[in-house]
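*Asks:* Sequence:
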Amino acid sequence: MERTPAASAMQWSIDLEKGIRSKRPGEAILQIGQKLEWWDRDSFITEAEYKLFGLIPGEDKLFADAIFLRLAHAFNSGDKHTRACIVKIFMWQRRRWSGHDRKSNRGIISKGILESHVELLKRVKSVFYTGDSEERAMALALLGCWAGFAKDNADIRYLILSSLVSNDILEVKASLFAAGCFCELADDFAAVLLEMLENLMSREASKAIRLAAGRALAKIWFSILLAHKAYKTGVKLMLESRQEEEFCKIMLISLSKIASKWTSLIPVQVELLTSFLSEEVASCLQASALKCLNFMLCHGVIIPESTADNVLKFLDVLNESKLSPDLQCVACSILYKVFLYNLHRIPHAEILIIFSRFLSVVSLISESPVVISERVLAIHNLADICDKLLEKSEEESSGHIGSTVASRIISFAMDRFSLLVKSNKDVLLQPNSVVKQEIKCLFSLLLDMFEKKHELGALLLDKVFLLVRDLVNTLNEITRKPKVKDISVDHPQQEENSKSFAVSMMICASKVIFNCFRNQESLNSVSPQVVDNLKLLVKHVCGCRPLHIYIHVIYSLLLHSCLECTFVCRIMNTTGDLHSSPHQYELSAIDSVRVILGRKENWLCYKLGKYAMCQGAWLTAALIFERQSTIVQSEACRSWLESLTHLSQMESKFQSLLNFDLSENTTSRQSFSVEATLGACNDLRSSVCRLGGPTSSTSSGLAFRFQKWFLTLRVKVVQAVVDAIKLSISVNSFSSTDTKNKSLEPSSLVHFSGQVSYTMKSLAQEFDLFATSFIGIDRGSRAIVSSLSITCSLLAFTTVFFSFLLANASEGVITAQAVDEHLSGMLSRDLFRRLFWHIDNETSKYLLGMLPKFSGNTFFLPQWRNQSSRCCEFAKLCRYAFTMILNLRTEVVTSSISLDDDHKKVDKSKILSHSSKLMLSFISIWIRIPWRTPKHFFQMRPCVGSELFLLGEDGEKVNRLSVSSGFLLHLNLCLQLKNMPSKISKLYCVLHARSSKTPSQDEIDDMIYLNRKLLEHTRGDNIHDDDDIRGEVFSFVCFEVKNEKWQQGFSTCLLDTSAFPVGSYEIKWHSCCIDHEGSYWSFIPVLASSFAFSVV
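Just so we're aligned, residue 1 is where the sequence shown starts under the working numbering, counting upward by one.
To be clear, the hints were calculated from the coordinates, so they are not data collected in a lab.
As the structure is a prediction and not an experimental result, all values here were calculated from the model.
Hints are not guaranteed to be accurate.
Taking lysine-lysine pairs in the DSS-like style, the calculated list, with each CA pair at most 30 Å apart, reads [what the hints assert, rightly or not]:
1. Lys511 x Lys600
2. Lys708 x Lys291
3. Lys716 x Lys600
4. Lys388 x Lys425
5. Lys257 x Lys111
6. Lys1013 x Lys917
7. Lys207 x Lys257
8. Lys986 x Lys917
9. Lys425 x Lys392
10. Lys388 x Lys261
11. Lys291 x Lys236
12. Lys708 x Lys1068
13. Lys23 x Lys125
14. Lys716 x Lys1042
15. Lys337 x Lys88
My request is simple: use the sequences and hints to build the entire structure.
*Replies:* Quick look at the structure:
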């Protein structure tokens, strides 16, 4: 458990004393400054924090006083460098505070914590009265930083106000700073200061003092009456001195800061700033006015009552003013914010006019010689406006606006691409990071637009095909020139060529093509002509010698992936051949990979292997990683590459099960395929155990956690599918009238079928937990994991109805009603909730008809709508499974009603034979749906985990926790996160104990169960009332994260153990958080996931 500032204060005080007495006191002072800044953010101490760290009440205040007295003494007796260091640390701390934080006067710089504040002020005043001009300025600056407890001291107030009329400019500036600090905390002081500032800003004062006083005016804002008075005074003085450009610039900034605090001043200030945008005004004042407008908008100011006419008027000002490129970017940013704020008020007829004008402004900025960050920002603004317009068109059913906006965005991006290629024609094959950044931004704009407007996928595909074809033709023309060397076989040049912006454009284009294909397939709109065009394009790309062979592999694998997407749906929609496959397109990629392996371009090979796994090209990935695992020297890298090799080999062998047939001629060969797949599973499981090597214990076991868990889950899925295949073989053998095998019992087959279904159901739940356990996972990776949970749920649903058919076809084995109403009902509910957004009405009615009669949340599901296009594939597979199940159930009912006992056995055997073949057909299609390795799988950063520290009421350690029989267990808790990348304000935790002696469950099962309880609690759902019947007790705890450095929270709780008999028990726990977007995230427990306690 990491120590908090209050727990570390005593050691900090000792270290500071040692540092001040050393030869370099400044270093110790700067170090304590960072610690004080941390302490200032986390100054409030909870009861649990006192107990967990063994602190005495008031101990933190005592050592805070000691630290500040040491600093004040050092300021009084030290040299100028020491004094400057002390002022610097408190200036840092002040900059971090906002105005409202200073007004609340919280933190360690307050009277409530520093009881020796009078002594602190005496030591600073001593320096002011005895020091020179520079030291008096430092004393005034320190008094301003200590305004939290100095504002009420009359001597200090007089000292600051009297310094305003000093003849020393440095002292006047320091006193203005201190006075500004006091104004934010004391309104009466601000009123006096305002009267004095009028004189200081008059024309009789020196220029330096006038500018300093103008900056100090921005501090008089907290009282609305004073703010209005200060604003009017500032405007009057600025208009009187309009010829003094530097003073006007300072006043525009100060007035904008005051106006941004109060809504009533915003319209007046906006009008004032826009008056400075005319051509008659000096360019430096135009720039200041634009920056002030941008400042106000960036701080959340909403310009009221702005209509389309106002936006167009601002566009006219932007076009007519001769602004520099940098200021054009600022103006574009202002226009973007104004446009978004008033989008709901602008009529439809004027939206497209304004958007066209804005698009022309962005085009102008893109072509101007501004820095790349400004061009990228303009494109991001354009993307955001496009996104909002597409949402508006969907909400208001104005599709023509969305289509027009999207098509213009496509045209803009393509024109920009063409211009970049033409303007950089001679350096297409050379690295250019600036152009690469803009290219990625433009393609990101296209992808975001396509996510909102899928129906434009065909248009986007045509444009991207044309772009790639033109780029390849341009490269071919360049290399045909005599002065250009043929670099197709020049290995060093090829390595540099792989980093060129032409290669970046080709890679980004491939991503757009793949996304268009995948999503267009979900809409059933991929035509054979588009597929043929893709084949021709890939052939054209692979024939381009100037391009690095790396691109040839990328596009060959792209063709393989796109054809796989279309192939699966073609099988489910028609009676396609299950045994044919688009895998032959992967062979050309393998040939190119062998060339790269021969060149020993190891990093490029690794990137290609990673890309192949993300595209589901397992043969290519297996070839690359198997070769690389033999040449790597690091043990940790070797274990990583071996795990990738074994995963690729397992998946390629798993794909071989597609050709499964129940005919006797192929039994031995198919048995060999099953055993080979199981052997690959065992190899992968053993490599998972070695993954990470000796470094796997770093970061408390969180390194490689995603990879290990994901690989283990995938092995379980493959083994469960192999079990389903074995079940189908066994049923087919049992249904054969010629077989003499008496070892197969109908009851064992039904039991085996139920086990397979239950395994797949558990895997679906585990995938749900897995998807929410890695905060920061990208959307695509999370969609892949969610897709895997859907496939497991679908296979579980299908298998349980297979079990139902077995029960009906086997006399007296099991009651079909029990299977149908309970297990099948629960699986129907699970599948319905997963595919709710993607199934048709007929399938939905069928699933709803099979829901169980009881209510309640049967399964835990993530609270988010799955936007993955893969769900449409699963919905089609779901309809295919329903058709299969309905046909078989109809056959069962018909045979049970119309046939006599002699014929019923024969027909039931036919039913079993048909069902086993259809089950295998369904599994073959299920395997055929390509799954891809999540991108997050290759993220090596340790994942986020949580650690719970627990003490009893009197500070007892974990192994000594005990409670008297009939009493409640009081606990002090500290929940601490590991490797947390972002800030979270609240954490949640559930503690669970059982009074009954039940067999211990698997750790994952406990996590799934507690995670479901925690999700119900955070959503406000009613917890099931059967917990008391099972002897279970829960305690839900909310933690306020006060320690930002360690992401740490403290709390207390009571666990109701009053009904527990004497004995030893376990407390199990699980934690989660809700992020700023409202998404639920579960945390992986670090080290101990349970604690022991005893009832005596």
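*Asks:* Give a verdict on every hint.
*Replies:* These are the hints, each one checked on the structure:
1. Simply put, Lys511 and Lys600 have alpha-carbon atoms about 27 Å apart, close enough for the 30 Å limit, and the pair holds.
2. Straight-line distance between C-alpha atoms of Lys708 and Lys291 comes to about 51 Å, which puts the hinted pair past the 30 Å bound.
3. Of the supplied pair hints, the one linking Lys716 and Lys600 is violated, its CA atoms being roughly 36 Å apart against a limit of 30 Å.
4. Our distance criterion of 30 Å between C-alpha atoms is broken by Lys388 and Lys425, whose separation comes to about 35 Å.
5. A hinted pair counts as satisfied when its Cα atoms are at most 30 Å apart, and Lys257 with Lys111 qualifies at roughly 29 Å.
6. Simply put, Lys1013 and Lys917 have alpha-carbon atoms about 41 Å apart, too far for the 30 Å limit, and the pair is violated.
7. In summary, the hint linking Lys207 to Lys257 is supported, as the alpha carbons are separated by about 22 Å, within the 30 Å threshold.
8. Distance check on the hinted pair: Lys986 and Lys917 sit about 53 Å apart at the alpha-carbon level, beyond 30 Å; violated.
9. With a C-alpha separation of about 40 Å, the suggested pair Lys425 and Lys392 falls outside the 30 Å cut-off, and the hint is violated.
10. Only pairs whose Cα atoms come within 30 Å are accepted, and Lys388 paired with Lys261 is accepted, the gap being roughly 28 Å.
11. Taken as a hint, the Lys291 and Lys236 pair is honoured in the structure, with Cα atoms around 21 Å apart against an allowance of 30 Å.
12. In summary, the hint linking Lys708 to Lys1068 is supported, as the alpha carbons are separated by about 23 Å, within the 30 Å threshold.
13. Between the alpha carbons of Lys23 and Lys125 the distance comes to roughly 26 Å, so the proposed pair stays at or under 30 Å and holds.
14. Our distance criterion of 30 Å between C-alpha atoms is broken by Lys716 and Lys1042, whose separation comes to about 41 Å.
15. Our distance criterion of 30 Å between C-alpha atoms is broken by Lys337 and Lys88, whose separation comes to about 36 Å.
Hint compliance for this structure: hints 2, 3, 4, 6, 8, 9, 14, 15 are broken, all remaining hints hold.
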